[in-house]
Amino acid sequence: MTSPAWQRRRTAAGQLWREFRTNRGGLIGLGVLVAIVVLAVLAPLITDEGGLDVITATGSPLEPPSGEYWLGTDVDGRSVLLLTFWGARVSLLVGFAATILSVFIGTLVGIVAAHFRGWPSAVLLRITDFFLVLPSLVLAIALSSVLTKGIWTIVLAVGVTSWPATARLVRAQTLTIESRPYIERATALGGGHGHIIGKHVLPAVLPLVLANTTLVVGSSIIAESTLSFLGLGDPTVVSWGSMLQTALSSGSVTAGAWWYLLPPGLAIVVIVLSFTLVGRALETVLNPRLKAGR
Amino acid sequence: MLVVLAVPLLIAGPVTQPAQAQSETVLRVALIQEIDHLNPFTASFSSSAMIGRFAWEFLTLPSAEDATPTGGVAEDWQASDDKLTWTFTIREGMTWSDGEPVTAEDAAFTFNRIMSDPKAAEANGSYVENFEKVTAPDERTLVIKTKAPQASMTALDIPIVPEHLWSDVTDMAAPETDELDLVGVGSGPFVISEYRPNEIVTLEANPDYWRGAPQIDELQFVKFENADAAVAALKNGEVDFVNRLTQAQFDSLEGEDGIETNQASGRRYRELLMNPGATNIEGQPIGDGHPALRDVEVRRAIAQAIDPQVLVDKVLGGYGELPGGLVPPIYEDFHYMPSDEDKFTFDPAAANRALDEAGYRKGPDGVRAGADGRKLEFRLTARSSEDYGLRASDYLAGWLGDIGIKVTKNLVSDNEVDETTSSGNYDLALSGWGTNPDPDYILGKQTCASLPATSGSSSSNAFFCDETYDELYAKQAAALDPATRAEFVKQAQARYYEQVPSLVLDYDNVLEAYRSDRFTGLQRQPEGEGQIMEQTGYWGFYGARPVEGGAGDDGGGVSAGTWVAIGAGALLVLVGGGTALARRRSAADDRE
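As given, the protein sequences belong to chains A and B, one line each in that order. Numbered according to the numbering used here, the first sequence spans residues 1 to 294. Numbered according to the numbering used here, the second sequence spans residues 1001 to 1592.
Be aware that a few hints might be false.
[Stated by the list, open to error] When the alpha-carbon atoms are kept at most 30 Å apart in a straight line, the in silico DSSO-like pairs for lysine-lysine are as follows:
1) B/K1362 to A/K199
2) B/K1445 to B/K1475
3) B/K1375 to A/K149
4) A/K149 to B/K1409
5) A/K149 to B/K1475
6) B/K1362 to A/K149
Since the hints were made in silico from the structure, they are not lab data.
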């Protein structure tokens, strides 16, 4: 682990953190995110999951916020605070899992398309274009209504519809990197495809992929909420989208139960905003073109 | 990012035309349920059956006042002494909306078609099962001969269609039978004039209607995706009538200016279907129901693990009545309420014991498995368009989980629920039926004879086929003394209750609301206390008349809740849009 390459990378990471620190928006976003993730992970320890069960719910339906229920109760008499709390787990899980899927596909396609010129590139790019012009919501709805309902279906639906932008981005970056002299040198010294992609291209592309990832998480969370809101989510777990769906279908909106709508809505806003802030900050640090502009 | 735009649109509801010009009075009804067919032979959703009731007159129908039989196409009727032959005198001078006269041949054609064509029997087949022969000796006389005396002869809820158009139809299930050149000719108070699936059904007043033309010009059924959008539209004056309200909506509409609410005992029951081993009429198994549900012990254990009181209190907000037999308490003569010892009382411990004894042992994961090793994992099919389906399924899954039965919720569209339940491809399903003042229809749906001829036809309700039940059903159909008949009706329901091919969960109250500043005279059935929409008959909207100098469109009725919803939606759009823009910009920056 003390090879020069690793030392160099550690220095680069330190440099990255120093620059990131100067971006106040990014720092706030990161702080909020860390707090939300920690709370969501600890949810089973600090709250009682039994409160999510409609049968054992203690409150009466649609109670406004009070000392006992800080954010009021839902139509089944469950605490909205608790539901929002647990909803974060699903939103984050789906957000991250779908992003990993999407970024994995995107990076793979992008690098391969840029590295291997000729017909593989042409084919991959046409596929990318196809997915790019396809309305992703419609595709996601179609996928999640055909497949069995569940969290992983949503992950799949969101993941396979949101990768083309990443693929385009990675391909562009790969092309600029591969045009540099050191890659030519490596090829001349006998470096194969695996060596060039693994040792040179991937490390150089990864920072950008990372910045892109944080942005994709935000949109994946919105996509998940949208699908759940449309009733295509996993019916067995509480998510922010499904809370909004129940609020609407049970007539709580008409009944003026704002405490049932605002928490999940604001939660989505806050979490997506945080991811966007962090993503933008990372991008500013990592993208040389954006940095030059300052 | 288009994703997010859907949110406020859903809340604002479909864009409907603002109030029409004064010359035309249009009563706009929000329809939340889907329409399966307009063809009256195949229309089995309450929404579609209701539209058929406006467009085609019945032979006789229950009156608005007290649901006693009153004349429709027939002005007079008589039974022979042995009660096997019924002679109906057809009303003179009635015409179809295309000008042709309504004759006894039209009625004879309608009944004969249902008797001879299984596809035509889908919606109303149970009424004619016992018919031997229907003839029209002359234009104004219709003679129906039955195999055994039938008590429901004056309550045949079958729209009479014009023979000169429908006799050309070869395939009753064909989509063309829902088209206007066929369904657009009727004899009821309104005639279907426009149909755009999943959008709108328009009915025009029939100026030649024999009772007299309605006092409104048009009746529109506008499809809404969810009840909240419909309620917002009612408050804004975009629609004039909304039914199937949730309790929260109903409470919020009470006391609202210009809106009248109506709570009535319902004629519908809700049930949990438990696939007792679906077969077709030849006894061949159809569908993919879980084999364990064929065991009546399992079905009884499920019935014991469910607490209807909680469902009524929490999911229906108290706007419902506790269950017994298939016939709701609004028809008190025929309503069956089990005695305390026969009743399934909520007792998970007893249900657990019963399942243990029946040999369904709990596995290490807490899920029971039968002797064949197949786990008790049931799918629960329910409507995603409906609050009840969404929420009650949570309760059911929880209760059944407590007795070691794993439930997977399967929330789908109305049409899909209909398809899966009528083809036997379900384990558990939330369903329900509207009943008529005469119990024959709903009881007939549970007999062996109504098992489907082809997979997917919806004549049987729960795929129940039981000899004892069939005997009791035949006895009630033959009994002409009301008290004896009521006794058999109750016994048949008791047998059904005990065998639980489906468990009745409650009888919903009807919760409706309309713009009383625009329309008045909407007739309730029974008078003064009953419901307005989805009656057995057309009285509700037929009686409607515009309020003199009534406000057309007051516009300012958007509630605080709606604004909050719109605000939340707008926020989502802003953030979503912002993210989208940010993403696009970064992508643009990085493009070569």
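Notebook entry, point to check: Hey, B/K1445 versus B/K1475, does the alpha-carbon distance stay inside 30 Å?
Noted result: holds (15 Å)
Check: For the pair supplied as a hint, A/K149 and B/K1409, is the alpha-carbon distance within the 30 Å limit?
Finding: Given pair A/K149, B/K1409 holds - Cα atoms ~9 Å apart, limit 30 Å.
Check: Is B/K1362 within 30 Å of A/K149, Cα to Cα?
Finding: Roughly 26 Å between the alpha carbons, so the hint for B/K1362 and A/K149 holds.
Notebook entry, point to check: Given the hint that A/K149 pairs with B/K1475, does the C-alpha gap stay at or below 30 Å?
Noted result: violated (46 Å)
Note to self: Please verify whether B/K1362 and A/K199 have alpha carbons no more than 30 Å apart.
What the structure shows: Given that 30 Å is the threshold and the Cα spacing comes to 54 Å, the pair is violated.
Notebook entry, point to check: Between B/K1375 and A/K149, is the straight-line Cα distance small enough, at 30 Å or below?
Noted result: holds (20 Å)
Checked against the numbered hints above, the structure violates hints 1, 5; every other hint is satisfied.
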